[in-house]
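Enquirer: Chains Z and F supply the protein sequences, listed in that same order.
Quick note, the first sequence lines up with residues 1 to 196 if you use the numbering used here.
Quick note, the second sequence lines up with residues 197 to 487 if you use the numbering used here.
Don't read these hints as lab results, they were simulated from the structure.
Don't take each hint at face value.
[Claimed, not checked] Derived, one-sided and incomplete: chain Z residues facing chain F with beta-carbon distance under 8 Å:
hint, residue
1, 84
2, 98
3, 174
Computed from a predicted structure; not experimentally measured.
Quick reminder that beta carbons are idealized off the backbone N, C-alpha and C, glycines included.
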Amino acid sequence: MDLKRTVKFEADRDPEFARWISHTVGGERIRHCLQCGLCSASCPLSLYMDYTPRRLMHLSREGFKEEVLSSSSIWLCTACYACMVECPKKINITHLMYALKERAIEERFYPKRFPIPVMARQFCRMVRSSGRITESWLIVRVFLRSAVWRLVGMSGLGWKLFRAGRIAAKRENIQRTHEIVTLLDSVAATRKELAL
Amino acid sequence: MKCAYYPGCSLRGTGRAYEESLLMVFGSLGVEIQELDDWNCCGATTYLSVDELSSYALAARNLALAERDRMDIIAPCAACYLVLNKTQRYIRDYPDIKTVVTRALGTIGLEYHDRVRVRHPLDIFLNDVGLKAIAAKVVRPLKGLKVAPYYGCQIVRPYATFDDQRNPTSMDRLMEACGATVVSYPLKTRCCGGSQKGTLPEVGLDLIRYLVEEAQMNGADVIATVCPLCQFNLECFQKEAGGRRHPISIPVLYFTQLMALALGAPAETIGLQRSLVPVEPVLAAKEIVYA
Numbered sequence: 001m002d003l004k005r006t007v008k009f010e011a012d013r014d015p016e017f018a019r020w021i022s023h024t025v026g027g028e029r030i031r032h033c034l035q036c037g038l039c040s041a042s043c044p045l046s047l048y049m050d051y052t053p054r055r056l057m058h059l060s061r062e063g064f065k066e067e068v069l070s071s072s073s074i075w076l077c078t079a080c081y082a083c084m085v086e087c088p089k090k091i092n093i094t095h096l097m098y099a100l101k102e103r104a105i106e107e108r109f110y111p112k113r114f115p116i117p118v119m120a121r122q123f124c125r126m127v128r129s130s131g132r133i134t135e136s137w138l139i140v141r142v143f144l145r146s147a148v149w150r151l152v153g154m155s156g157l158g159w160k161l162f163r164a165g166r167i168a169a170k171r172e173n174i175q176r177t178h179e180i181v182t183l184l185d186s187v188a189a190t191r192k193e194l195a196l
Numbered sequence: 197m198k199c200a201y202y203p204g205c206s207l208r209g210t211g212r213a214y215e216e217s218l219l220m221v222f223g224s225l226g227v228e229i230q231e232l233d234d235w236n237c238c239g240a241t242t243y244l245s246v247d248e249l250s251s252y253a254l255a256a257r258n259l260a261l262a263e264r265d266r267m268d269i270i271a272p273c274a275a276c277y278l279v280l281n282k283t284q285r286y287i288r289d290y291p292d293i294k295t296v297v298t299r300a301l302g303t304i305g306l307e308y309h310d311r312v313r314v315r316h317p318l319d320i321f322l323n324d325v326g327l328k329a330i331a332a333k334v335v336r337p338l339k340g341l342k343v344a345p346y347y348g349c350q351i352v353r354p355y356a357t358f359d360d361q362r363n364p365t366s367m368d369r370l371m372e373a374c375g376a377t378v379v380s381y382p383l384k385t386r387c388c389g390g391s392q393k394g395t396l397p398e399v400g401l402d403l404i405r406y407l408v409e410e411a412q413m414n415g416a417d418v419i420a421t422v423c424p425l426c427q428f429n430l431e432c433f434q435k436e437a438g439g440r441r442h443p444i445s446i447p448v449l450y451f452t453q454l455m456a457l458a459l460g461a462p463a464e465t466i467g468l469q470r471s472l473v474p475v476e477p478v479l480a481a482k483e484i485v486y487a
């Protein structure tokens, strides 16, 4: 029998995580959260989440790192900003969702071949090499690395879009792609230097 | 004053009809534009979840390029519009972000001094051109056409720059100026799921279904959108979302396509033929003659 304690103890918390969330960009006001639940009520995706935004805010600021980073909620968030508009304490919830996503990707808190981090990585790679996104190429690359069989299902739609002239066969490039590489390398260097 | 036109990646792909019709409308209303020199991807919602600081630097390159050319930016894509606005605000509010961005821009010979305004075509049409001037130029009124105006998320949230956050009406008023009838559409700012149809399809389809069904239930002939991703989701997946039990078929056009039509643009120049759900039967039924 797999028995688990259902109540968390103080010692299960990760105080570093709690400190990080309230010091990260957008997290300044998380301690002001009233737990009123307007975020969860306005969220079009909270119906599908394991922890609603209200619960996620509380778990994060108390340092329940495992629960938060392995929660489905951070991947369900589409960044529609409904919660942020309604929050009476003006907490930047949407931005915190981004921060949690970034951290979950960094620490690999997601199932294997999960398409969202795959897409995020391919997206960044394409921006670095071309400066712009060619949607069709991005979609093919993402599904080759996450769910190849779904490419077959999408081929009908792809053909229709191609006939309507909505799929560019050629990849979009900016002229001065070297500027993008220089720019991104500089960000990485400054981040290291200032320990951001 | 001339503005820098920042199309964004989608308007060169699935959203080509948006660009085609937008340029027609700019032309007939006399809005002067020039494409932003060598613009790059704004990072959209995706880059922010991998590397926040880099995403601000990417967006800031576009801001700096416009500033160098002394122009304001027009960003028709909802994601671009939000990301550019957000970047401006975060550079203002967080000194660390400002340092990172300023240094990064310095390495490619650019500067940013917060002198550029980021604007949406809706804002330009309403506040610079004006509804009266637009109504005066309508040669083919969209009489009897019932439109559900769908704003989506990122145009009015979180920064209500030119319209109300909960009940925006700028597109409603534009459509009425073009002679169309606007139907009640309470879900006008509810999320379409973004890229979720690709990544978590069951959830994405649900969100799409609510939106399209509501428009149809409220008697709309056509949905008008402002965002390439919303347009793509609502049009290309409506059949799949409705399934056999709730068959759905409603054209989803960019608001600029409807405007261009009213302003007398020839149909083939505004990308009507690029629709996967044909709009011609609807226009024919309303006796809106176009060529």
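Enquirer: Against chain F, run the beta carbon of residue 174/Z and see if the smallest gap drops under 8 Å.
Expert: 5 Å, holds
Enquirer: Answer holds if the nearest beta-carbon of chain F is closer than 8 Å to that of residue 84/Z; otherwise answer violated.
Expert: Holds - the Cβ of residue 84/Z comes within 8 Å of chain F, reaching about 5 Å at its closest.
Enquirer: Could you check if residue 98/Z really has its C-beta closer than 8 Å to a C-beta on chain F?
Expert: 5 Å, holds
Of the numbered hints given earlier, the model fails none.
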